[in-house]
Amino acid sequence: MSILQGWHRGERLVRQKLGYDKIPSTAYLYTSIQGDMPEQHSTFYSTRLPFLPACTLGPDGRPWGSILAGKDGDLAFISHPRYNTLTMEAKLWDGEPFLQNAKNHEEDVMLIAGIGVELSTRRRNKFAGYITKLKIEGGIANIELFVNEAIGNCPKYITLRELTPHPNTSPVVVNDKKDLAKEERLSEEAIQLILESDTVFFGTSYVASKQEEQAYPSHVGMNHRGGRPGFIRVKPSDGRTVILPDYSGNRIMTSLGNVEATPLASLTFISFVTGDILYLTGKARNVYGDEARSIMPLQDTFTEVFVTGYVHVRDAFPARQRPGYTIQPSPYSPPIRLLTEENPQSKIFSTSEQPKALLVSIKIHSPTLATFEWEVPTPVHIRPGQAAILGFMPLLGSRQYQYMAPQKPSAVNDDFIRTWTVSSAHEGEGGTRRFALTMREKPGGTVTGALFTIARRLAQLKPEALVDSSVLGLRVDLVGISGDFVLPTPAASGSRTSPSLLWVAGGIGITPFLSMLAALSNKKTVSRRRSPSCYRLANRRSCFCSSAIRSNQANVRVPRSRFTS
Numbered sequence: 001m002s003i004l005q006g007w008h009r010g011e012r013l014v015r016q017k018l019g020y021d022k023i024p025s026t027a028y029l030y031t032s033i034q035g036d037m038p039e040q041h042s043t044f045y046s047t048r049l050p051f052l053p054a055c056t057l058g059p060d061g062r063p064w065g066s067i068l069a070g071k072d073g074d075l076a077f078i079s080h081p082r083y084n085t086l087t088m089e090a091k092l093w094d095g096e097p098f099l100q101n102a103k104n105h106e107e108d109v110m111l112i113a114g115i116g117v118e119l120s121t122r123r124r125n126k127f128a129g130y131i132t133k134l135k136i137e138g139g140i141a142n143i144e145l146f147v148n149e150a151i152g153n154c155p156k157y158i159t160l161r162e163l164t165p166h167p168n169t170s171p172v173v174v175n176d177k178k179d180l181a182k183e184e185r186l187s188e189e190a191i192q193l194i195l196e197s198d199t200v201f202f203g204t205s206y207v208a209s210k211q212e213e214q215a216y217p218s219h220v221g222m223n224h225r226g227g228r229p230g231f232i233r234v235k236p237s238d239g240r241t242v243i244l245p246d247y248s249g250n251r252i253m254t255s256l257g258n259v260e261a262t263p264l265a266s267l268t269f270i271s272f273v274t275g276d277i278l279y280l281t282g283k284a285r286n287v288y289g290d291e292a293r294s295i296m297p298l299q300d301t302f303t304e305v306f307v308t309g310y311v312h313v314r315d316a317f318p319a320r321q322r323p324g325y326t327i328q329p330s331p332y333s334p335p336i337r338l339l340t341e342e343n344p345q346s347k348i349f350s351t352s353e354q355p356k357a358l359l360v361s362i363k364i365h366s367p368t369l370a371t372f373e374w375e376v377p378t379p380v381h382i383r384p385g386q387a388a389i390l391g392f393m394p395l396l397g398s399r400q401y402q403y404m405a406p407q408k409p410s411a412v413n414d415d416f417i418r419t420w421t422v423s424s425a426h427e428g429e430g431g432t433r434r435f436a437l438t439m440r441e442k443p444g445g446t447v448t449g450a451l452f453t454i455a456r457r458l459a460q461l462k463p464e465a466l467v468d469s470s471v472l473g474l475r476v477d478l479v480g481i482s483g484d485f486v487l488p489t490p491a492a493s494g495s496r497t498s499p500s501l502l503w504v505a506g507g508i509g510i511t512p513f514l515s516m517l518a519a520l521s522n523k524k525t526v527s528r529r530r531s532p533s534c535y536r537l538a539n540r541r542s543c544f545c546s547s548a549i550r551s552n553q554a555n556v557r558v559p560r561s562r563f564t565s
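So the sequence shown is numbered by full-length UniProt numbering: it starts at 1 and just counts up by one.
Everything labelled a hint here was simulated from the structure, so no lab data went into it. Honestly, I wouldn't trust all of these hints.
Straight-line C-alpha distance at most 20 Å; calculated DMTMM-like pairs for lysine to aspartate or glutamate [said to hold, decoys possible]:
no.	residue 1	residue 2
1	71	144
2	177	291
3	133	176
4	17	441
5	347	300
6	235	290
7	177	60
8	178	89
9	17	290
10	408	441
11	235	484
Listed next, with one range per pair, are the computed distances between beta-carbon atoms [unchecked claim]:
no.	residue 1	residue 2	range
12	177	443	25 to 35 Å
13	485	328	24 to 34 Å
14	39	196	29 to 39 Å
15	107	406	47 to 57 Å
16	138	393	57 to 67 Å
17	59	133	17 to 27 Å
18	108	162	13 to 23 Å
19	442	288	43 to 53 Å
20	324	397	43 to 53 Å
21	288	522	42 to 52 Å
Note that the Cβ used here is the ideal one computed from N, Cα and C, for glycine as well.
Can you make the complete structure from the sequences, with help from the hints?
Now the structure itself:
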């Protein structure tokens with residue numbers, strides 16, 4: 001039976017901002033949160049976990065994440081003695097926020113939330129409640145807690161890894177800055193740990209007013225967020241604002257709802273290889289829609305945490321990733337999104353400003369390789385080597401929500417936005433209205449599959465439409481132009497003469513060079529210098545360079561003898 005009486009004010013806000021309040025099937029999702037801890041959960045906590053990420057509140061009300069683990073890094077440091085009760089004997093090290101937070105709550109109720117993640121199976125359950133007994137002595141915390149909220153979670157976004165006990169740790173506090181000064185930044189080591197992480201534990205709190213506390217009592221929450229390494233970004237401009245993208249989930253939105261009501265959050269990172277732990281806390285806000293996309297292009301929703309305090313402890317985690325084990329990223333994790341300030345050469349259009357790109361021609365090079373040319377109403381600036389970002393919802397329709405998609409996990413977060421390097425050259429100051437994209441069909445690909453199906457049908461039934469495809473009226477959205485891998489200029493290289501360039505590419509990776517070669521061929525002056533070195537990297541018969549270059553829009557002709565294929 002659910003303990004909750006409905007959505008609290010923060011959850012109502014986030015539901016309104018995301019439009020979930022208009023979806024009847026989501027109206028009672030809060031009933032998924034039970035007031036009783038299922039036996040399956042209690043067995044899971046007490047037999048399957050070498051560590052438990054937990055959230056508690058500090059003296060000033062800021063949430064801090066903690067990593068509670070047995071002293072030897074073994075399983076079964078948690079016990080389930082009776083109904084809705086968990087006990088644990090956890091090792092605490094210098095710098096662990098639980099130490100300070102426990103002292104702050106010696107005279108009142110200490111709220112706690114935890115999430116158990118079995119990394120080797122992707123099983124995940126979480127709880128919230130309060131501590132009923134606590135004794136800390138000799139670096140060991142004996143904790144008894146009562147669970148009054150329990151819910152199971154899906155396996156999405158969890159990276160598979162195997163852990164082994166590592167009891168011989170030597171924890172060292174590298175940074176203990178629980179209150180950062182106004183101009184302070186995170187250390188470079190801390191930022192690097194964030195950027196290399198595929199896992200973070202996300203702590204939040206809900207502080208109820210007097211009028212709300214009967215219906216919606218105060219509580220804390222602990223959640224897991226996962227993705228590809230680098231999915232969490234740090235703003236280079238201040239070195240302390242952390243951007244945590246929000247991916248498609250169960251739509252209960254407890255974490256984002258807590259942030260809406262109480263704009264604070266914690267982020268806790270573990271290096272499963274070195275045992276380092278990074279604890280962050282700070283001011284938090286959720287960012288949506290156009291504002292979100294202006295900060296992190298192509299990302300519709302994220303949580304921004306302005307770090308106000310952090311602790312970095314080296315060699316603290318009493319378990320390690322098994323040596324020689326190859327981690328397995330979640331197939332549900334979408335591509336990494338960089339911040340706008342990390343990629344200043346990119347141009348991302350707002351939703352209302354996106355030009356419509358009309359398909360005007362198709363050139364088929366092989367059964368799985370073709371060039372598609374597009375035309376937009378007004379000129380766009382594309383430097384040789386840059387990429388075009390296209391949105392295919394006008395062709396494929398809107399994405400339908402899926403909680404899980406075992407047959408094709410990538411479909412859960414598929415926004416039908418794709419990026420390809422532009423293979424035609426455009427260096428004029430006035431920009432261009434036409435650009436070409438040379439692409440390879442991806443087996444099972446939603447977008448390339450649709451485009452190549454169109455190309456093959458036209459080749460069979462109406463080949464003249466390959467030359468003039470505008471008769472199809474096929475339009476997609478030009479989301480933006482991106483990329484800093486561009487043709488160097490003499491000014492950029494600090495020289496008045498053209499720089500020497502060594503180009504290495506394989507397969508479809510040659511497409512940026514098609515654009516660059518075309519741009520070079522259009523220059524009025526051409527260097528006659530011979531290359532000082534020539535390296536043969538692959539068999540000439542495996543190269544499609546010559547035919548692909550002859551087919552691009554600039555009509556470049558490059559003799560085969562110029563390539564070391």
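Against the structure, the hints come out as follows:
no.	hint	verdict
1	71 with 144	holds, 17 Å
2	177 with 291	violated, 31 Å
3	133 with 176	violated, 28 Å
4	17 with 441	violated, 37 Å
5	347 with 300	holds, 17 Å
6	235 with 290	holds, 18 Å
7	177 with 60	holds, 15 Å
8	178 with 89	violated, 26 Å
9	17 with 290	holds, 12 Å
10	408 with 441	holds, 17 Å
11	235 with 484	holds, 18 Å
12	177 with 443: 25 to 35 Å	violated, 49 Å
13	485 with 328: 24 to 34 Å	holds, 29 Å
14	39 with 196: 29 to 39 Å	holds, 38 Å
15	107 with 406: 47 to 57 Å	holds, 50 Å
16	138 with 393: 57 to 67 Å	holds, 60 Å
17	59 with 133: 17 to 27 Å	holds, 21 Å
18	108 with 162: 13 to 23 Å	violated, 40 Å
19	442 with 288: 43 to 53 Å	violated, 31 Å
20	324 with 397: 43 to 53 Å	holds, 45 Å
21	288 with 522: 42 to 52 Å	holds, 44 Å
The earlier numbered hints that this structure contradicts are 2, 3, 4, 8, 12, 18 and 19.
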